[in-house]
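J.: In case you want the letters, here they are:
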Amino acid sequence: MKISVLQFPGTNCEYDTKYAFEQLGCVVEIIWHKEKQIPSDTDLLVIPGGFSYGDYLRSGAIARFANIMESVQAYAANGGKVLGICNGFQILLEAGLLPGAMKRNDSLHFISKYHTLKVVNTDNKFLSLMKKDEVVNIPVAHHDGNYYIDALGLKELEDNNQILLKYCDKNGTLVNMNGSVSNIAGICNKEKNVFGLMPHPERAIEELLSSVDGVNMLKGFLQ
Amino acid sequence: MKAIVNVGLKQGVLDDQGKATHHALDTLGFKELVKNVRIGKQIIIELNSTDEAAAKEEVTKMCEKLLANTVIEDYDIEIVG
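Protein chains in written order, with the working numbering: chain A, 24 to 246; chain B, 12 to 92.
These aren't lab readings, by the way, just hints derived from the structure by calculation. Hints should not be assumed to be uniformly reliable.
[As the list claims (entries may be wrong)] Here are the computed lysine to any residue pairs in the SDA-like style, where the Cα-Cα straight-line distance is at most 20 Å:
1) B:Lys72 with A:Gly202
2) B:Lys76 with A:His132
3) B:Lys21 with A:Leu131
4) B:Lys30 with A:Ser130
5) B:Lys30 with A:His132
6) B:Lys21 with A:Gly176
7) B:Lys52 with B:Gly29
8) B:Lys76 with A:Ser130
9) B:Lys21 with A:Gly202
With the hints as constraints, model all of the structure from the sequences given.
T.: Given below as structure tokens:
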């Protein structure tokens, strides 16, 4: 499995992401945003977390126009698998590869903590190893994770099983952590080859980090 | 010539920053006076142009492409000087 991880000025999760996928036996290459092409042997393209361009203007707004993004658009259009984690999710929204937009958390606070998530749909290329309604414990760390989509868009997400993860408590009861419409933590596109999520599965892969729930999720991305 | 661009959340999209600021103004004793607060941002662009209409057209493109996220934000443009 060959994984390409994008890197913009201000990205800060690229090495964690590389490490996590290497533990699963993948070959991982970090790709600088000025490159024009992602490697042709890429099996999974990851836009990792961080603060690309300092989150100036809006999170992800400037990164979406980086040189490499044309190649990302083409890769996604050809059915290539694209994963956006946290700032990566924000970039995918700004780039129009996923529907909706991010607003500042409704508490206006940066939220950095472990949070439980409910698996909502598994009939996709990303969460096929997980069980529907399974509850996993994975950290979040964001300021702009308040997912917004209008009522029509939400219905479309629901009808097409595009909502993959929602925030919940440890018993699986849905909770609204940051103002997100319908408690959404992660969605995919209609074709189900582009997935964005705010939580960081790459940070929950070792007992020392107090959760290993990210391992199974990351393995699912490799199916 | 300058373009003054105001970007803010659309009506109907909950403005949490506006709401929090409204609450703070209430607690500072302005409760009677303040009806609603919306927060946006202002982007000031100095332009190399003397053609107001053409400039406005170009700045509109900038807004649509980058300066505003039209999924959640509205914008208005004022050309001055």
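J.: If a hint holds in the structure, say so; if it doesn't, say that too.
T.: Outcome of the hint check:
1. Using a Cα cut-off of 20 Å, the hinted pair B:Lys72 and A:Gly202 is violated, with the two alpha carbons roughly 31 Å apart.
2. For the suggested pair B:Lys76 and A:His132, the alpha carbons sit about 28 Å apart, so the restraint of at most 20 Å is broken.
3. Among the hinted pairs, B:Lys21 with A:Leu131 is consistent with the structure: their alpha-carbon atoms are about 18 Å apart, no more than 20 Å.
4. Restraint check for B:Lys30 and A:Ser130: satisfied, since their Cα atoms lie roughly 10 Å apart, inside the 20 Å limit.
5. With a CA separation close to 14 Å, the supplied pair B:Lys30 and A:His132 stays within the 20 Å bound.
6. Under the criterion of a C-alpha separation no larger than 20 Å, the hint pairing B:Lys21 with A:Gly176 is consistent with the structure, at around 16 Å.
7. A hinted pair counts as satisfied when its Cα atoms are at most 20 Å apart, and B:Lys52 with B:Gly29 qualifies at roughly 12 Å.
8. For a cut-off of 20 Å, the pair hint linking B:Lys76 to A:Ser130 is broken: about 29 Å separates their Cα positions.
9. For a cut-off of 20 Å, the pair hint linking B:Lys21 to A:Gly202 stands: about 17 Å separates their Cα positions.
The structure does not agree with the numbered hints 1, 2, 8 stated previously, though it agrees with the rest.
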